[in-house]
Amino acid sequence: MDVWANTNVPYLSKMLDVLAQRHRLISNNIANVNTKGYKAKDVAFDDVLAQVNDIMSTTDRSEYEEQLKQVEIAEAASNEGFDNKGINDVDIDREMSKLATNSLMYKTYVALLTMKLKQVNQALRERI
Amino acid sequence: MALDDLFASLEISASGLRCQRARMDMIANNIANAQTTRTPDGGPYKRRDVVFAVKTDEAGNDAGVEVSDVVTDSSPARKVYEPGHPDADSDGYVSFPNVSTVTEMVNMVQVARAYEANVACHTAAKEMITRSLDILSK
Numbered sequence: 019m020d021v022w023a024n025t026n027v028p029y030l031s032k033m034l035d036v037l038a039q040r041h042r043l044i045s046n047n048i049a050n051v052n053t054k055g056y057k058a059k060d061v062a063f064d065d066v067l068a069q070v071n072d073i074m075s076t077t078d079r080s081e082y083e084e085q086l087k088q089v090e091i092a093e094a095a096s097n098e099g100f101d102n103k104g105i106n107d108v109d110i111d112r113e114m115s116k117l118a119t120n121s122l123m124y125k126t127y128v129a130l131l132t133m134k135l136k137q138v139n140q141a142l143r144e145r146i
Numbered sequence: 022m023a024l025d026d027l028f029a030s031l032e033i034s035a036s037g038l039r040c041q042r043a044r045m046d047m048i049a050n051n052i053a054n055a056q057t058t059r060t061p062d063g064g065p066y067k068r069r070d071v072v073f074a075v076k077t078d079e080a081g082n083d084a085g086v087e088v089s090d091v092v093t094d095s096s097p098a099r100k101v102y103e104p105g106h107p108d109a110d111s112d113g114y115v116s117f118p119n120v121s122t123v124t125e126m127v128n129m130v131q132v133a134r135a136y137e138a139n140v141a142c143h144t145a146a147k148e149m150i151t152r153s154l155d156i157l158s159k
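Chains as they are written, first to last, in our numbering: chain U, 19 to 146; chain P, 22 to 159.
If you are wondering where the hints come from, they were derived from the structure by calculation, not from laboratory data.
As the structure is a computational prediction, the values presented were derived from the model and not from experiment.
Some hints could be false.
[As the list claims (entries may be wrong)] Partial selection, computed: residues in chain U whose CB lies under 10 Å from chain P:
id : residue
1  : Asp35
2  : Ala38
3  : Asn50
4  : Ile110
5  : Leu117
6  : Asn120
7  : Val128
8  : Leu131
9  : Leu135
[As the list claims (entries may be wrong)] Simulated DEER-style distance windows between Cβ atoms:
id : chain 1 : residue 1 : chain 2 : residue 2 : range
10 : P       : Ala133    : U       : Val138    : 42 to 50 Å
11 : P       : Ala80     : U       : Glu81     : 27 to 35 Å
12 : U       : Ile105    : P       : Ala53     : 20 to 28 Å
13 : P       : Gln56     : U       : Asp111    : 31 to 39 Å
14 : P       : Ser95     : U       : Asp64     : 45 to 53 Å
15 : P       : Ala49     : U       : Asn139    : 51 to 59 Å
16 : P       : Ser96     : U       : Glu93     : 36 to 44 Å
17 : P       : Val123    : U       : Met74     : 51 to 59 Å
18 : U       : Thr76     : P       : Met129    : 54 to 62 Å
19 : P       : Val140    : U       : Lys134    : 26 to 34 Å
20 : U       : Met74     : P       : Ala49     : 51 to 59 Å
Don't be surprised by glycine CBs; every beta carbon is placed ideally from N, CA and C.
So that you can see chain P by itself, here it is in the shape it has in the complex (with noise of 0.2 Å):
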């Protein structure tokens, strides 16, 4: 039935947008502690991101995306020259988060544009649920 997929539609273009905003907090997240020394776990602050997963429902079909998992960068950590640094290791130097501001950013692009993305695509199909129940009225 027509109104079934469009309504199923939504729910994916949905899931898309839950997953980039995940996305989207994971990197602000990144950014905002791009220059912390110090975390529970003991060290510099490391890089994290999500994975994405193709969602089934219970008949197999694909119905939109999911994050399966959040891993962690495991890239060394910056070092930078800096004695007076209270988290300065005995030759001077100070471990930064392994964050690269730039790569986020261009990251943060990429998120706003799949986010608009699916925003188009549910617009887009709230746009033909409507003129479907058009019909009923004319």
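With the rest of the complex left out, here is chain U (with noise of 0.2 Å):
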């Protein structure tokens, strides 16, 4: 019996390298912003979300954890069309403002993992 098949702690986790590799590149654009053409670049995430509620929503609980695993994670053009004075085309201010909103996602779905490993905890414990 796999104990997290009917929690969503591999969906949490999975979240959680999203995120992960959004500040990555969002780390990238911010100390590239004096690099003369370069691209800045962002995780494809509305696709990726959209992937992995799909799944959510149409797999069986018990295979959604192998399924998740297998969403790649897209990289995508971030700020196409910004000209950054001729630069690059890296939007610091949105840059910043990405970096405050990924960062805050993160310490959600961490939060939340870690609520659902204390009910799993609690759950173990008082079984004797």
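Mind docking these for me? Both chains are given alone in their own frames, and the hints should help you get the complex.
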């Protein structure tokens, strides 16, 4: 019996993976704010989210962990068309706000995960 | 894996900090030498600037930024009429460095802001890692 099959732990950990990768790309955009010709990147977030939600709503609980693992976290151009003084297309204000949003989301998912693990822990303790 | 990405983010932010500091060093050097009329190569000091390039890791992923080159500004020297100056030419003009202190100050503010942005990134990644590790202790 898989302890996690009936919980949303695999979903939460997948989302943490997505957000961590997103943080890496945002950091890279900010580090390259003065690099000529750089193209800002981001995770194709809506796309990944749609795939994950699709799996969550259609797949059987016993199988969705495997399926979630296979969802590829694709990268996409971030600020196409933005002109940062002719150097590149990094919109620093947008990146900073994405950074804040992203790390708050990460903390939220960590909190949810912690809560879930506490519940499982509780269940294991009660059973004697 | 989530933590791998976060540790990579720390490294990326660090590369950003390193590059901005290199640029700040260059600006400080330009300002310090804004009046220097003698250099080992002869002639006045010439303004210098760093060029940034995207850094990639072995796997071809973006891994921050690096200083790819240091370029010398080839714009002409500033001529000032000062016949009493020991480096004045036969017409009494002295060639001063092509450094504009105002431009350097503007660049300096830009560097300071970019540095701050990278620090914010680094702090966020650090906090995310700490939170993730806290799961273990709950």
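Checked hints:
Satisfaction of the interface hint for Asp35 (chain U) is found here, the shortest Cβ-Cβ separation to chain P being roughly 5 Å, below the 10 Å cut-off. Annotation: interface hint on Ala38 (chain U) holds; nearest CB of chain P at approximately 4 Å, less than 10 Å. At a threshold of 10 Å, the smallest CB-CB gap from Asn50 (chain U) to chain P is about 5 Å, leaving the interface hint in force. Residue-level restraint check for Ile110 (chain U) holds (minimum Cβ-Cβ distance to chain P is 6 Å; threshold 10 Å).
With a least beta-carbon distance of about 6 Å to chain P, the hint placing Leu117 (chain U) at the interface is held under the 10 Å criterion. Hint status for Asn120 (chain U) relative to chain P: holds, with the closest Cβ pair at about 8 Å, below 10 Å. For Val128 (chain U), the suggested interface contact is upheld, since its CB lies about 5 Å from the closest CB of chain P, less than 10 Å. For Leu131 (chain U), the shortest C-beta to C-beta distance to chain P is roughly 6 Å, which falls under 10 Å, so the interface hint holds.
Restraint check, Leu135 (chain U) versus chain P: the minimum CB separation of about 7 Å is within 10 Å; hint holds. A hinted range of 42 to 50 Å holds for the C-beta pair Ala133 (chain P) and Val138 (chain U), which are about 48 Å apart. Against the hinted window of 27 to 35 Å, the Cβ-Cβ separation of Ala80 (chain P) and Glu81 (chain U) comes to about 30 Å, which satisfies the hint. Distance hint check for Ile105 (chain U) and Ala53 (chain P): the Cβ-Cβ separation is about 26 Å, which falls inside the suggested range of 20 to 28 Å.
Checked against the given bound of 31 to 39 Å, the beta carbons of Gln56 (chain P) and Asp111 (chain U), roughly 37 Å apart, stay inside it. Checking the proposed 45 to 53 Å range against Ser95 (chain P) and Asp64 (chain U) shows it holds: the Cβ atoms sit about 47 Å from each other. Range check, Ala49 (chain P) to Asn139 (chain U): Cβ separation about 55 Å, and the 51 to 59 Å hint holds. A C-beta distance of roughly 39 Å is found between Ser96 (chain P) and Glu93 (chain U), which places it inside the suggested range of 36 to 44 Å.
A C-beta distance of roughly 57 Å is found between Val123 (chain P) and Met74 (chain U), which places it inside the suggested range of 51 to 59 Å. In this structure, Thr76 (chain U) and Met129 (chain P) meet the distance hint of 54 to 62 Å, their C-beta atoms being roughly 56 Å apart. Here the CB-CB span from Val140 (chain P) to Lys134 (chain U) is close to 33 Å, well matched to the stated 26 to 34 Å. Met74 (chain U) and Ala49 (chain P) have their C-beta atoms about 54 Å apart, which keeps the hinted 51 to 59 Å range intact.
Violated hints for the displayed structure: none, as all numbered hints are satisfied.
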